[in-house]
Each structure stands twice: as structure tokens, then as C-alpha cells.
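Which chain is which? The protein sequence lines are C and V, in order.
What the first sequence shows, in numbering that gives the first Met the number 0, is residues 0 to 257, in sequence order.
What the second sequence shows, in numbering that gives the first Met the number 0, is residues 0 to 296, in sequence order.
If you are wondering where the hints come from, they were derived from the structure by calculation, not from laboratory data.
Yeah, the Cβ is synthetic: ideal placement off N, Cα and C, and Gly gets one too.
Incorrect hints may have been included.
To be verified - Only some residues are given here: those of chain C computed to face chain V with a beta carbon under 7 Å:
#: 1; residue: Ile88
#: 2; residue: Arg91
#: 3; residue: Lys92
#: 4; residue: Asn102
#: 5; residue: Phe109
#: 6; residue: Gly115
#: 7; residue: Val118
#: 8; residue: Gly120
#: 9; residue: Leu121
#: 10; residue: Ile188
Stated by the list, open to error - Once the Cα atoms are required to be at most 25 Å apart in a straight line, the calculated SDA-like pairs of lysine to any residue come out as:
#: 11; chain 1: V; residue 1: Lys176; chain 2: C; residue 2: Gly66
#: 12; chain 1: V; residue 1: Lys115; chain 2: C; residue 2: Gly154
#: 13; chain 1: C; residue 1: Lys122; chain 2: V; residue 2: Pro203
#: 14; chain 1: V; residue 1: Lys176; chain 2: C; residue 2: Ala65
#: 15; chain 1: V; residue 1: Lys176; chain 2: C; residue 2: Asp62
#: 16; chain 1: V; residue 1: Lys63; chain 2: V; residue 2: Phe43
#: 17; chain 1: C; residue 1: Lys256; chain 2: C; residue 2: Ser46
#: 18; chain 1: V; residue 1: Lys176; chain 2: C; residue 2: Gly154
#: 19; chain 1: C; residue 1: Lys122; chain 2: V; residue 2: Leu202
#: 20; chain 1: C; residue 1: Lys122; chain 2: V; residue 2: Asp184
#: 21; chain 1: V; residue 1: Lys176; chain 2: C; residue 2: Ser46
#: 22; chain 1: V; residue 1: Lys176; chain 2: C; residue 2: Ile64
#: 23; chain 1: V; residue 1: Lys176; chain 2: C; residue 2: Arg100
#: 24; chain 1: V; residue 1: Lys176; chain 2: C; residue 2: Gly63
#: 25; chain 1: C; residue 1: Lys122; chain 2: V; residue 2: Ile197
#: 26; chain 1: C; residue 1: Lys28; chain 2: C; residue 2: Ile69
#: 27; chain 1: C; residue 1: Lys15; chain 2: C; residue 2: Ala65
#: 28; chain 1: V; residue 1: Lys176; chain 2: C; residue 2: Pro105
#: 29; chain 1: V; residue 1: Lys176; chain 2: C; residue 2: Ser107
#: 30; chain 1: V; residue 1: Lys176; chain 2: C; residue 2: Glu143
#: 31; chain 1: C; residue 1: Lys15; chain 2: C; residue 2: Gln201
#: 32; chain 1: C; residue 1: Lys72; chain 2: V; residue 2: Asp184
#: 33; chain 1: C; residue 1: Lys122; chain 2: V; residue 2: Val113
#: 34; chain 1: V; residue 1: Lys115; chain 2: C; residue 2: Ile64
Stated by the list, open to error - Label pairs and their in silico Cβ distance ranges:
#: 35; chain 1: V; residue 1: Ala177; chain 2: C; residue 2: Asn123; range: 43 to 49 Å
#: 36; chain 1: C; residue 1: Pro45; chain 2: V; residue 2: Ser282; range: 51 to 57 Å
#: 37; chain 1: C; residue 1: Asp146; chain 2: V; residue 2: Ile32; range: 45 to 51 Å
#: 38; chain 1: C; residue 1: Lys28; chain 2: V; residue 2: Arg193; range: 30 to 36 Å
#: 39; chain 1: V; residue 1: Leu24; chain 2: C; residue 2: Gly154; range: 37 to 43 Å
#: 40; chain 1: C; residue 1: Gln23; chain 2: V; residue 2: Val13; range: 46 to 52 Å
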Amino acid sequence: MATRQPIEPQPKVEVKGLNLYYGQHQALKDVGLAFYANQVTAIIGPSGCGKSTLLRCLNRMNDGIAGIRIEGKIALDGSDIYGRRQDLIQLRKAVGMVFQRPNVFPLSIFDNVAYGPRVHGLKNHARLAEIVERSLASVGLWGEARDRLNAPALGLSLGNRQLLCLARLVAVEPEVILLDEPASALDPISTLRIEELMRELQKEYTIIIVTHNMQQAARASDRTAFMLAGELVEYGETRQIFTNPRDSRTERYVTGKL
Amino acid sequence: MKQEGHVAGGGRRVRLSERGVERVLTAVALSAIGVLALITVFIFIGGIPAIARTGFWPFVSGHKWAPGRDVFGIFPMIMGSLWVTVGALAIGVPLSLACAIFLSEVAPPRTARVIKPAIELLAGIPSVIYGFMGLVILVPLIRNRFGGPGFSVLASSVVLGIMILPTVISISYDALKAVPDAYRDGSLALGATRWQTISMVLLPAARSGILAAVILGMGRAIGETMAVIMVAGNATKVPGSLLDPVRTLTSNIALEMGYAAGMHRAALFGTGVILFVIIMLLSVLASYTTSARGKAR
Chain C
0 MATRQPIEPQ
10 PKVEVKGLNL
20 YYGQHQALKD
30 VGLAFYANQV
40 TAIIGPSGCG
50 KSTLLRCLNR
60 MNDGIAGIRI
70 EGKIALDGSD
80 IYGRRQDLIQ
90 LRKAVGMVFQ
100 RPNVFPLSIF
110 DNVAYGPRVH
120 GLKNHARLAE
130 IVERSLASVG
140 LWGEARDRLN
150 APALGLSLGN
160 RQLLCLARLV
170 AVEPEVILLD
180 EPASALDPIS
190 TLRIEELMRE
200 LQKEYTIIIV
210 THNMQQAARA
220 SDRTAFMLAG
230 ELVEYGETRQ
240 IFTNPRDSRT
250 ERYVTGKL
Chain V
0 MKQEGHVAGG
10 GRRVRLSERG
20 VERVLTAVAL
30 SAIGVLALIT
40 VFIFIGGIPA
50 IARTGFWPFV
60 SGHKWAPGRD
70 VFGIFPMIMG
80 SLWVTVGALA
90 IGVPLSLACA
100 IFLSEVAPPR
110 TARVIKPAIE
120 LLAGIPSVIY
130 GFMGLVILVP
140 LIRNRFGGPG
150 FSVLASSVVL
160 GIMILPTVIS
170 ISYDALKAVP
180 DAYRDGSLAL
190 GATRWQTISM
200 VLLPAARSGI
210 LAAVILGMGR
220 AIGETMAVIM
230 VAGNATKVPG
240 SLLDPVRTLT
250 SNIALEMGYA
260 AGMHRAALFG
270 TGVILFVIIM
280 LLSVLASYTT
290 SARGKAR
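Chain C with its partners taken away, still in its complex shape (with noise of 0.2 Å):
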């Protein structure tokens, strides 16, 4: 680490020998890459390619998992989320994650947000409020929920709950944010909704995207990974992965052969 290259960036999130096994099943071999801050990098890949799986390594949400084995090692800022002294509520404070499914708790619009804040220990109404508003200005859902930041969450659009869990994770202040397949439940407008905000948050956090969508990849990201059986096949930047792959496997992805 010391001999670092003074031109590269000192990456967020850098994952070295990744090797992830389910029971005999190994679902992630010697995946090796980095993530950079204020980027957006999706991973890309059929299913069933480990893309989610090396996902959920990034907050430790694969831990809990019967049988499960993880080798290799995970760094946020340097340090290994798989040592031994890592708190792993800091990890997830400052790793979150938003899923496939929308899952807004079956609670009020306004506990739904606070949720974080509260379980990290904050109290005090004036800030929880105040969190509250910042965070639903940030998805942009202030002025639908102003007015009814009492009523359950689960009235809301299916479009308007995944905003709603972007901003109930905004409110913890993360410093990464891990969207798996974000949109894949979410009509059109919804989905272009997320990537415009994708756009907009990558100036304070690191975004990292699963996504099976191809163009949503080629259109809001800045690094693409894509995977393939477990394996990392080619990651660069997004402009090249998309018009100049090096892997005849990647080309064959991109243009829709694989």
C-alpha cells in the first residue's frame, strides 16, 4: 500500500481475491476491482453471475447466510470490512444498500426516514424533522410527502417507495451507496427518475449499481465490471466497455449475443 501510485486515485472500495463459495457451489472466483468515489460503477452480467452476490459482500449482507464461505479481502478507505475489529453496524452505517423490491417499513412516511437517524441513536424531533425534509428534498419526494408525512409508506407508488428507501438510506449519511437492481421493478419514468438521481448523488457519495438493464449501465455510470459465471471479466470505463470491449465475451454481451 505504500509503494500506491501517486496518479491513480486512492480507490473508496477495493475488493482483492474475492473467492465466495456456497457450500460446494463457488459463486465469486478471485474477483478483484475498485471503486471510486464520486463515481457511479455498474456491474453488469446474466443472471446468476455473482454480480448481486459480490454486492452484498461490500455491507457484509451475504454474512448470515447457512454454509457461506468468503475469502479474499474487502477495503473501505484502506481498512478490511472482513477484519477482525470491524463494528459491523459502522460498516453498514456508512456501506447502504438499496434493494430490488422496494422494502419501505410498514410505517408512517416520516418513521420510515427517521429510521436510521433513530437507531443510531438521535432522538431529538427538530433534527429527526429536519433530516427528514433534507433527505426527501435529495430524492426529490419533499413536496409529494410534505403534506402526509404521517400517512404509511405503503400507500405510496411502487416508483415513489424505492425513492423513498434511497432517502430513508440518504438519512444515515452513507458514504457508499450499493443499489442492486434498483429499478427493475419500476415502471419507465420511475427508472429514469433513479438515474437522474444516481447523477446527482454521486457528487457526495460512491455509487456502485447491479443492473441487468445494458443501456441503464451505458447511460448513468462513469466504470462498468461485467461479470460472468463468478468471474470478473473486464472492467474499465464505461465508454470503452460499451464501444471498445477487449474481451470477445464482453463485445458479445454489450451488443446482445451472449
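Starting from the known structure of chain C, fit chain V onto it as the hints suggest.
Frame of chain C; chain V shown alone:
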């Protein structure tokens, strides 16, 4: 699609036997309702004369139960049922909730697979056994520890509290298990601890199921007879403390029906009417809360 094709292909004979099965099932279902209706009519016919003669209000609010002098006030028994039921819930519900949370959220699946059937087995033990255990262990313990006769509200509450465990545990366990994993993941991914996830997301999400569990447990506690008779002391007096003896509505019927005749017998049926109304109200409440949950999903 598949089924329609099958019936159409089978021709007339299949359609006829199909209709026959439907008729039989309908008849069976209706006869179950018929039995319920008969019981209701029977209890009301048996009980109304006593309630009418005493007057509804004196009957339910009267403090004196003296069958020999044709004085029938079941207020002490209503209070008795109320006391032991509330006591049973106070003891049984926290235990049950803790157990359901442990089984659903904390215990490794293998442990839960062993413990859950064991708990459900508790429901199969005859109530007289619970009563017997209460009689030989609990009653002397209370007498020596806290004074009084030992036969008491406290003893009944403890026995009933244990008896409602299987009902309340397994229904609230099911309610917790029905909460989608997406909620657990969502909460943990925000950095919440397991306990925060349980108390702030899972319990609110499972609330109506848990409420239904409590109401069904309450129904079980109110309706239980034999175990209570053995440990309650059965005095027809409104209990003044947890250590006083108590008689419940169900005990009143079971204890005296064997030798009652005439107006006395009708007054016992009247006790049944009041019990019946209370339990019906509880079931309506239970099905209302469970259907409210269905709508929320």
C-alpha cells in the same frame, strides 16, 4: 385452464359426481353451523327464564349467589373470570412473545424445529393435569410463601398463563414468520441491531397477528374450567386480592350443574348465556383484527 379441460374431457359422468361432492361438502359445512345454532338456541332457552325472573341487571350485577333461596347474582363470577383472565394474560403473554421472538428471530432454525413442536405438545396435555400440578405444587407454595388459603386468583392465573402459552406462542410465531425478509434486510442494511430490527420493524409489522394471538389466548383462558376449579378455591365472592379464592363463570356451571334443578338450573344456563356472549364478542374481535391485517398487506 388445465382443470376446465379436464372436466370438459371427462364428460357428463364427471360433472355429475363433481356436483355430488359439492352437495355433500355443503351439507357437512351447514350441519356444523346447525350444531352451533342448536347449542345457542338451547342455552338461551334454558337461561332466559332465570335472567328474566331475576332481571338482567340484577342478574349480572348481583353480588349474592344463593341457589337455596333463589337469589342469583353472578357478578362475583364475572369478576372472577375477568381477574383470572387478566392474570393469565399478564403472565402468559410476555412469556409467549419472548418465546415467539426467540424461535422466529434468534434461535438457529434447527433449534426452532425441535422446540416449536414441543411447545405445541403442551396444548395436548389434558387440562386436569395442569390443575393437578397446580393443586399439589402451586397451591401449597402460595399458601406457605404469601399466606392465605393458596387456592387463589394467583394460582389460577399462573396455571392458565401456562395453559395459553402454546396458543399464543404458535400464532405470534406465525405472525413474525410472515413478515417478509425484505424488512429484516432493509433494517439490518441501515445499520440497525437485531433487537432494534425486532422492536422497531418486525413487531409493528406483525402487530395484528400478535393481537389475534392474544385474543385467542384470552378466549382459551376464559373458557378453561377443570384446571381452574382445582386451584381457584371457588368462593362466590368478589376477590379483594390476588391471594383470595375466586370462582369463574365456567366453574360455576361445572360445579353446580350436577345437582341443580328448576330455577337454579336455569340460572346456571343464564351463566352460560353471559359466557357465550363474552366469548362471541372475543371471536368477532379476533376475526376483525386478522382480517384488518389481510387488508393491510
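Okay, the hints, checked on the actual structure:
| no. | hint | in the structure |
| --- | --- | --- |
| 1 | Ile88 | 5 Å, holds |
| 2 | Arg91 | 4 Å, holds |
| 3 | Lys92 | 4 Å, holds |
| 4 | Asn102 | 4 Å, holds |
| 5 | Phe109 | 13 Å, violated |
| 6 | Gly115 | 4 Å, holds |
| 7 | Val118 | 4 Å, holds |
| 8 | Gly120 | 10 Å, violated |
| 9 | Leu121 | 12 Å, violated |
| 10 | Ile188 | 23 Å, violated |
| 11 | Lys176(V) with Gly66(C) | 22 Å, holds |
| 12 | Lys115(V) with Gly154(C) | 35 Å, violated |
| 13 | Lys122(C) with Pro203(V) | 19 Å, holds |
| 14 | Lys176(V) with Ala65(C) | 18 Å, holds |
| 15 | Lys176(V) with Asp62(C) | 20 Å, holds |
| 16 | Lys63(V) with Phe43(V) | 22 Å, holds |
| 17 | Lys256(C) with Ser46(C) | 15 Å, holds |
| 18 | Lys176(V) with Gly154(C) | 23 Å, holds |
| 19 | Lys122(C) with Leu202(V) | 20 Å, holds |
| 20 | Lys122(C) with Asp184(V) | 23 Å, holds |
| 21 | Lys176(V) with Ser46(C) | 28 Å, violated |
| 22 | Lys176(V) with Ile64(C) | 17 Å, holds |
| 23 | Lys176(V) with Arg100(C) | 19 Å, holds |
| 24 | Lys176(V) with Gly63(C) | 17 Å, holds |
| 25 | Lys122(C) with Ile197(V) | 19 Å, holds |
| 26 | Lys28(C) with Ile69(C) | 11 Å, holds |
| 27 | Lys15(C) with Ala65(C) | 23 Å, holds |
| 28 | Lys176(V) with Pro105(C) | 15 Å, holds |
| 29 | Lys176(V) with Ser107(C) | 22 Å, holds |
| 30 | Lys176(V) with Glu143(C) | 33 Å, violated |
| 31 | Lys15(C) with Gln201(C) | 24 Å, holds |
| 32 | Lys72(C) with Asp184(V) | 23 Å, holds |
| 33 | Lys122(C) with Val113(V) | 40 Å, violated |
| 34 | Lys115(V) with Ile64(C) | 22 Å, holds |
| 35 | Ala177(V) with Asn123(C): 43 to 49 Å | 34 Å, violated |
| 36 | Pro45(C) with Ser282(V): 51 to 57 Å | 53 Å, holds |
| 37 | Asp146(C) with Ile32(V): 45 to 51 Å | 48 Å, holds |
| 38 | Lys28(C) with Arg193(V): 30 to 36 Å | 32 Å, holds |
| 39 | Leu24(V) with Gly154(C): 37 to 43 Å | 39 Å, holds |
| 40 | Gln23(C) with Val13(V): 46 to 52 Å | 48 Å, holds |
Consistency with the previously given hints fails for numbers 5, 8, 9, 10, 12, 21, 30, 33 and 35, ordered from lowest to highest.
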